[in-house]
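Engineer: This is what each chain is made of:
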Amino acid sequence: MTSILRTLLAGTAVALMAGGAQAETLRLLTWGSYAPDELVQKFEEEYPDIDVEVTFSNNEEMIAKLRATGGTGFDLAQPSHDRIYAAQLEYNIYKPLDLSKIDVDKMTPNLVEGVKANTTIDGEVYSVPHQWGTSGIMANVKEAPDAKGWGDLCSETYKGRTSMRLRRTILLGMGFAMGKNPFELYADPEAYQAMLDEVTDKLIACKDIIKTYWTGGDDLSALMLSGEVVLSETWDSTAYKIYSENKDIVFIPPETGALAWIDTFTIPRGGQADDAAYKWINFVLRPENVTIMSASTGAIAAVPNGIQLLPDDKRAAVEAAFDQADLDNLKFFANIPPGLEDMEGIALERIKAASN
Amino acid sequence: MMGRDAGRLSLILLFMPFALWIGLLIVLPQLGIGYVSLREKVGINQYEFGFKNYADFISEPIYRNTLLRTAWMSILVTALALIAGFPVAYYIAKIAKTRSRAALFLMCLIPLWVSDLVRAYGWIVLLRETGVISTALVSIGLISQPIEMLYTDMTVIIGLVYTVILFMIVPLVSTLQGMDDALLEAGYNLGGSRFTVFRRIIVPYAMPGIVAGSIITFMLTAGSYLTPVLLGGKNSSWFTEQIYNQFITRYNWEAGATFGVLLLLFTSLVVWLGLLLTGQSLATTVAKD
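Chains as they are written, first to last, in the working numbering: chain H, 1 to 356; chain R, 1 to 289.
It is worth saying that the hints were derived from the structure and are not from the lab.
The beta carbon of each residue, even a glycine, is placed where N, CA and C say it ideally should be.
Some hints could be false.
Claimed, not checked - Covered by chain H, per the in silico footprint, the following chain R stretches (three or more residues, Cβ under 8 Å):
no.	stretch
1	74-80
2	106-120
3	224-235
4	240-247
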């Protein structure tokens with residue numbers, strides 16, 4: 001009896017070890033569409049000993065997942081550049097990067113410097129950029145030809161025909177539209193709270209105007225393409241995808257500046273496949289792979305010719321949306337200090353719960 | 001002697017999966033949630049113990065109102081599921097032929113094979129402004145403008161009733177199946193009207209099923225997340241959504257855990273009140289043999 005058990009156990013152990021030796025697993029924690037099948041297959045062909053496992057998530061859930069496990073369970077994560085510093089300070093979920101293993105010289109220098117400045121703690125760099133994009137508004141130019149800024153989402157002209165996502169981006173956008181600079185107020189919680197209160201009142205009054213809050217890209221696409229909504233807050237990448245189906249719907253960088261985010265590569269503290277992670281980082285930033293990636297994400301890779309490497313339809317959409325002045329006017333998200341999201345959270349809940 | 005030990009061993013072994021399930025998946029997480037809810041955050045990685053999270057809940061009307069709203073809408077959903085589910089259950093258990101009974105039961109089960117998410121999207125496709133129903137009504141000329149039927153509390157209630165009604169039907173069917181038709185005949189023979197028979201014989205007999213079904217549907221509704229979030233509009237807060245927000249958007253596990261404990265306590269209280277008001281007890285209904 002025991003000998004049978006022992007044989008079984010030994011067999012299992014051998015099988016497990018053999019499995020481990022054959023293939024290393026790279027567990028990616030990333031955004032929906034940031035790991036297109038085509039690219040994953042290409043990667044696995046080039047590195048047959050690495051298996052890629054993908055989990056799709058978003059900024060908040062990435063942090064929550066890694067916090068729950070103490071930074072284990074994933075080998076490479078892709079949070080946005082402004083969400084790393086505070087999360088690392090508070091929850092210690094990432095580990096420093098070994099920049100010598102990454103082709104940093106192939107990335108856009110100012111983006112690398114920007115991300116480094118945002119994610120350096122005690123002299124250690126935690127992130128490098130992957131792709132960037134913006135948040136702004138999207139309009140059906142036939143029905144809403146005059147929309148220029150965040151404030152138009154709350155304009156009586158479009159009553160019942162606008163939408164937004166009830167998350168922190170709209171708080172910031174509305175703050176800019178009301179003549180403030182939220183990023184400069186980050187350091188002063190009282191001033192920031194005062195701004196939040198004003199924005200909250202504005203957005204509560206705005207509930208009459210909007211049709212509904214959208215919750216994800218698919219939701220938003222359906223609202224815009226069906227014509228139920230003519231003007232909405234949006235991620236530029238979603239707008240570009242819609243533009244390829246309906247040329248009347250364009251992304252508009254708000255006059256106060258589109259809000260720019262950079263999604264990064266960051267390694268969780270309990271990551272067990274760092275080498276595979278570095279291979280993936282260098283792999284997806286190769287020019288031929290950038291095009292495949294951008295076709296799926298609609299975002300622009302952090303390489304110097306990122307816009308040229310977009311697939312044709314996306315490049316046309318970007319060129320239709322941005323001119324040089326808009327690019328110069330980009331407002332990059334600033335590092336969120338600890339505790340700020342709690343203040344924003346209560347503001348968002350007040351808006352959601354208010355009825356008028 | 002040996003026999004008794006072996007018997008005890010097999011009892012322990014048989015009991016083990018149940019004990020592990022209750023212990024590891026129910027009791028332990030609840031204790032963890034209770035522990036976190038008593039932790040007050042005073043700074044980065046600094047915590048103290050106390051009831052501040054609960055005090056915060058009480059002092060913030062948004063949270064109280066959302067909890068009451070969730071409970072009220074869940075009661076409404078439970079009542080509607082009972083009204084809609086009872087005739088279906090009665091038909092399956094008493095009127096349908098034995099052969100078609102299984103098929104009817106299966107038809108009730110089929111929607112459950114599809115995930116909540118897909119079912120919610122089904123309602124979205126039907127009810128949206130450019131959706132199936134609105135477009136059909138416009139094309140046959142009943143209405144001149146497309147109408148929006150999504151994003152209201154009514155939609156949430158319809159969606160929830162649809163999601164949970166099965167959990168009302170199943171206990172009702174199994175209770176009603178046990179009822180002897182002779183009871184009904186006796187009722188009619190003694191001169192009872194249809195309504196009297198229904199009120200004095202069928203309902204009291206079905207009470208265990210009604211109570212069990214109501215408790216299950218109420219708990220499922222109050223704890224549901226996807227349906228209210230997807231079908232609800234700009235004004236429709238749901239308490240589970242607040243819990244999600246606390247945990248995920250605000251990184252505030254302490255408040256989220258507090259809300260979780262409060263939701264459990266509050267729904268238990270509602271169930272207890274419901275039993276009290278209807279003069280039932282768990283022992284005579286759900287646990288009746």
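Engineer: Confirm or reject each hint.
Structural biologist: Results for each hint:
| no. | hint | in the structure |
| --- | --- | --- |
| 1 | 74-80 | violated (count 0) |
| 2 | 106-120 | violated (count 0) |
| 3 | 224-235 | holds (count 5) |
| 4 | 240-247 | holds (count 4) |
When each numbered hint is compared with the structure, violations occur for hints 1 and 2.
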